[in-house]
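A.B. asks: Letter by letter, the chains look like this.
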Amino acid sequence: MIAFDRVTRRYGDFTAVDDVSLTIESGEILVLIGASGSGKSTLLQLINRLQDPTEGTVQVDDEDVAGIAPEQLRRRMGYVIQGGGLFPHWTVARNIGTVPRLLGWDRARIAARVLELLDLLRLDAGRLHDAYPHMLSGGQQQRVGVARALAANPSILLMDEPFGALDPVTRAELQGEIRRIHAETGCTVVFVTHDMDEALSLATRVAVIDRGRVIQLGTPLDLLTRPASDQVARFVGTADRGLKLLGFQRVADRLRPSDRPDDTARHDPISQDLPLSAALSAMVMRGCDRLEVIDAQGTPIGTIHLADLVRLA
Amino acid sequence: MLLALLSLVLLPFLRHARNRLLSGQPIDTLAALGQAGSIWTACLGVGLLLVVWPLVRPTRLACWAGLLGAGLAIAAAAGAGAGAADHLAAGAASSSRTSLGAGTWLFGAVLLLIASDAARRLRYGLAGILPVFGPLAILLALGTLAPLSLLREYAAQHDAFRAALVQHILLVLGALGPALLIGVPLGIAAQRRAALRRVAFPALNLIQTIPSIALFSLLIGPLSWLGKIVPGVSGIGTIPALIALVLYSLLPIVWNTVEGLDGVPRDVRIAARGMGLSPAQCFLQVDTPLAMPVLLSGLRITAVQAVGLAAVSALIGAGGLGAIIFQGLFANALDLVILGALPVIALAVATDLLFRLLTTFSRAALGGAAR
Numbered sequence: 001m002i003a004f005d006r007v008t009r010r011y012g013d014f015t016a017v018d019d020v021s022l023t024i025e026s027g028e029i030l031v032l033i034g035a036s037g038s039g040k041s042t043l044l045q046l047i048n049r050l051q052d053p054t055e056g057t058v059q060v061d062d063e064d065v066a067g068i069a070p071e072q073l074r075r076r077m078g079y080v081i082q083g084g085g086l087f088p089h090w091t092v093a094r095n096i097g098t099v100p101r102l103l104g105w106d107r108a109r110i111a112a113r114v115l116e117l118l119d120l121l122r123l124d125a126g127r128l129h130d131a132y133p134h135m136l137s138g139g140q141q142q143r144v145g146v147a148r149a150l151a152a153n154p155s156i157l158l159m160d161e162p163f164g165a166l167d168p169v170t171r172a173e174l175q176g177e178i179r180r181i182h183a184e185t186g187c188t189v190v191f192v193t194h195d196m197d198e199a200l201s202l203a204t205r206v207a208v209i210d211r212g213r214v215i216q217l218g219t220p221l222d223l224l225t226r227p228a229s230d231q232v233a234r235f236v237g238t239a240d241r242g243l244k245l246l247g248f249q250r251v252a253d254r255l256r257p258s259d260r261p262d263d264t265a266r267h268d269p270i271s272q273d274l275p276l277s278a279a280l281s282a283m284v285m286r287g288c289d290r291l292e293v294i295d296a297q298g299t300p301i302g303t304i305h306l307a308d309l310v311r312l313a
Numbered sequence: 001m002l003l004a005l006l007s008l009v010l011l012p013f014l015r016h017a018r019n020r021l022l023s024g025q026p027i028d029t030l031a032a033l034g035q036a037g038s039i040w041t042a043c044l045g046v047g048l049l050l051v052v053w054p055l056v057r058p059t060r061l062a063c064w065a066g067l068l069g070a071g072l073a074i075a076a077a078a079g080a081g082a083g084a085a086d087h088l089a090a091g092a093a094s095s096s097r098t099s100l101g102a103g104t105w106l107f108g109a110v111l112l113l114i115a116s117d118a119a120r121r122l123r124y125g126l127a128g129i130l131p132v133f134g135p136l137a138i139l140l141a142l143g144t145l146a147p148l149s150l151l152r153e154y155a156a157q158h159d160a161f162r163a164a165l166v167q168h169i170l171l172v173l174g175a176l177g178p179a180l181l182i183g184v185p186l187g188i189a190a191q192r193r194a195a196l197r198r199v200a201f202p203a204l205n206l207i208q209t210i211p212s213i214a215l216f217s218l219l220i221g222p223l224s225w226l227g228k229i230v231p232g233v234s235g236i237g238t239i240p241a242l243i244a245l246v247l248y249s250l251l252p253i254v255w256n257t258v259e260g261l262d263g264v265p266r267d268v269r270i271a272a273r274g275m276g277l278s279p280a281q282c283f284l285q286v287d288t289p290l291a292m293p294v295l296l297s298g299l300r301i302t303a304v305q306a307v308g309l310a311a312v313s314a315l316i317g318a319g320g321l322g323a324i325i326f327q328g329l330f331a332n333a334l335d336l337v338i339l340g341a342l343p344v345i346a347l348a349v350a351t352d353l354l355f356r357l358l359t360t361f362s363r364a365a366l367g368g369a370a371r
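Chains as they are written, first to last, in the working numbering: chain A, 1 to 313; chain B, 1 to 371.
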């Protein structure tokens with residue numbers, strides 16, 4: 001658990017973080033979202049003491065971080081930044097082994113852990129183990145950055161706009177990896193972004209930051225359905241909010257028992273695990289108003305209707 | 001190529017004088033070759049033919065042949081000169097001197113230019129030197145060139161020359177050591193504090209603009225005053241020369257330290273701190289290796305500059321190869337000047353190569369990271 005208690009951070013006259021109180025639960029993915037200069041990165045850096053609060057306290061697992069030596073604190077947390085921030089003069093393996101080496105693990109244990117992480121991030125150990133960062137694609141570099149952050153099994157992973165410089169396809173892939181790794185390790189993730197789609201797709205909760213303050217804290221669904229202010233609403237997106245909302249629920253959530261199988265049988269069925277937006281898209285493309293739904297094994301389990309998509313949950 | 005031949009035809013090949021103070025009588029190429037014998041003429045011809053090859057068709061083999069040809073032609077010209085000198089000396093007093101004429105020097109210089117072009121095509125910086133200077137080195141080692149006045153000067157000044165060479169190298173090393181000890185920490189501090197940077201660079205730049213002779217003489221006053229209080233210090237000699245050399249070396253060292261550290265990407269520094277590297281670990285494991293190639297290239301400039309400046313410092317009695325040059329200048333003995341100047345040039349070139357190699361290695365240690 002990470003707890004901000006009335007935290008303020010000023011640089012001279014400029015207030016980057018303004019009287020923020022916020023509790024991040026263990027095991028959640030909390031996304032800090034805001035425009036550039038809103039103070040979201042500062043808020044993140046207050047957790048690993050790359051910044052110290054001017055006022056207030058930050059606690060990690062009920063311990064004030066001000067009482068922990070910065071280096072010790074940072075070695076307990078994973079930290080990923082935009083572009084990866086890999087050490088250009090070290091091989092991929094050496095980069096990943098950074099924190100374990102700092103913690104004094106023995107060589108064999110580090111080597112084994114590096115292989116484990118290459119595997120976890122789906123990096124080809126044979127080709128990339130001894131490669132240098134400049135030989136890697138942007139996506140691969142970022143995977144190495146994530147592997148490096150996870151090396152010493154941290155219970156907290158801090159990510160500062162990690163995928164900001166990647167193309168949309170690579171970015172979506174890596175978001176998938178984060179969801180998977182989060183599910184496997186159960187670590188707490190604090191994720192900074194300025195991209196609302198990224199925030200909505202990853203977060204268990206989203207904190208919207210503006211001028212150093214948290215202007216709304218809630219689940220992605222809360223943000224979409226009940227934005228606290230016009231400002232949040234604008235951030236969430238006015239024109240396509242409904243479409244985003246459809247991206248949030250699965251076909252399985254709006255399923256009806258099969259009514260007229262002959263009618264829908266003409267079209268390819270759709271998987272119950274896809275988001276509602278995919279169902280809408282399929283209906284538009286095929287010019288129909290209902291689709292047959294199948295489960296993971298391909299067994300038909302029901303139908304989804306256009307009318308069910310437009311009904312607000 | 002035409003220039004090379006013209007220089008042989010139009011300018012004197014050798015100069016012969018009764019003693020080393022007189023300027024000699026010019027002897028043209030055909031006469032000299034006639035006196036030297038047909039072997040040298042044949043070598044010269046073969047060498048020149050080989051040199052033409054890469055100019056006609058620049059294949060790799062032709063380039064190597066061209067390098068070897070240039071080497072052969074240079075060595076043959078020197079050998080022919082020595083042969084002719086031997087011939088001339090037979091009928092003259094022992095104080096008579098025969099030196100290579102302007103034509104021969106220009107000929108050699110043009111051939112070196114052609115050779116360096118061929119070497120560049122081959123992209124083998126170091127290996128290219130062997131065929132060019134090899135033949136000449138063999139002749140030197142065999143003593144074939146001994147009758148030439150330059151080598152007779154060397155024979156006469158053998159011990160003094162060796163001492164001057166050692167002193168010269170010591171001067172350069174003695175200046176670089178303190179300059180590094182002061183310059184690198186100053187550079188690190190200046191990189192971190194903009195205020196220091198604003199003061200340090202104008203000051204160091206100012207020093208750099210003072211002509212070396214002026215700086216040497218400026219130091220004479222305060223140091224001889226200091227010499228009255230502290231024994232061993234005086235306005236002339238090695239100490240003021242070292243001080244001046246250190247002062248000149250500071251700017252490139254400080255500058256390149258700052259540049260090198262500035263070149264370490266910001267996100268890499270943030271990541272290093274975020275991983276939990278202490279400031280010392282950050283500096284030693286991240287900043288230092290990443291800044292090293294730039295620092296080394298600064299050191300290369302500094303060292304080459306120091307080799308040249310150390311020659312000037314002979315004016316205030318610091319010794320070194322400069323002493324031989326100035327001795328020759330004041331005595332109007334051109335060969336003595338050349339005897340001092342050639343090794344200075346060779347030292348500078350060798351220093352340059354050494355640091356280029358070190359820079360290449362330090363870049364390779366970065367895994368060839370594009371910087």
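Be aware that a few hints might be false.
Just so you have them, the derived chain A footprint on chain B, three or more residues with Cβ under 8 angstroms [stated by the list, open to error]:
1. 151-158
2. 271-277
Label-pair ranges, simulated between beta-carbon atoms [unchecked claim]:
3. B/Asp267 with A/Ile301: 23 to 31 angstroms
4. B/Ala189 with A/Ala108: 24 to 32 angstroms
5. A/Tyr11 with B/Asp267: 15 to 23 angstroms
Some chain A residues flagged as far from chain B (calculated, every beta-carbon gap over 12 angstroms) [claimed, not checked]:
6. Ala69
7. Arg148
8. Asp160
9. Leu174
If you're looking for bench data, these hints aren't it; they were derived computationally from the structure.
The beta carbon of each residue, even a glycine, is placed where N, CA and C say it ideally should be.
A.B. asks: To test your reading of the hints: which numbers does this structure violate?
C.D. replies: Going through the list in order, the structure violates hints 1, 3, 4, 6, 7 and 8 and respects the others.
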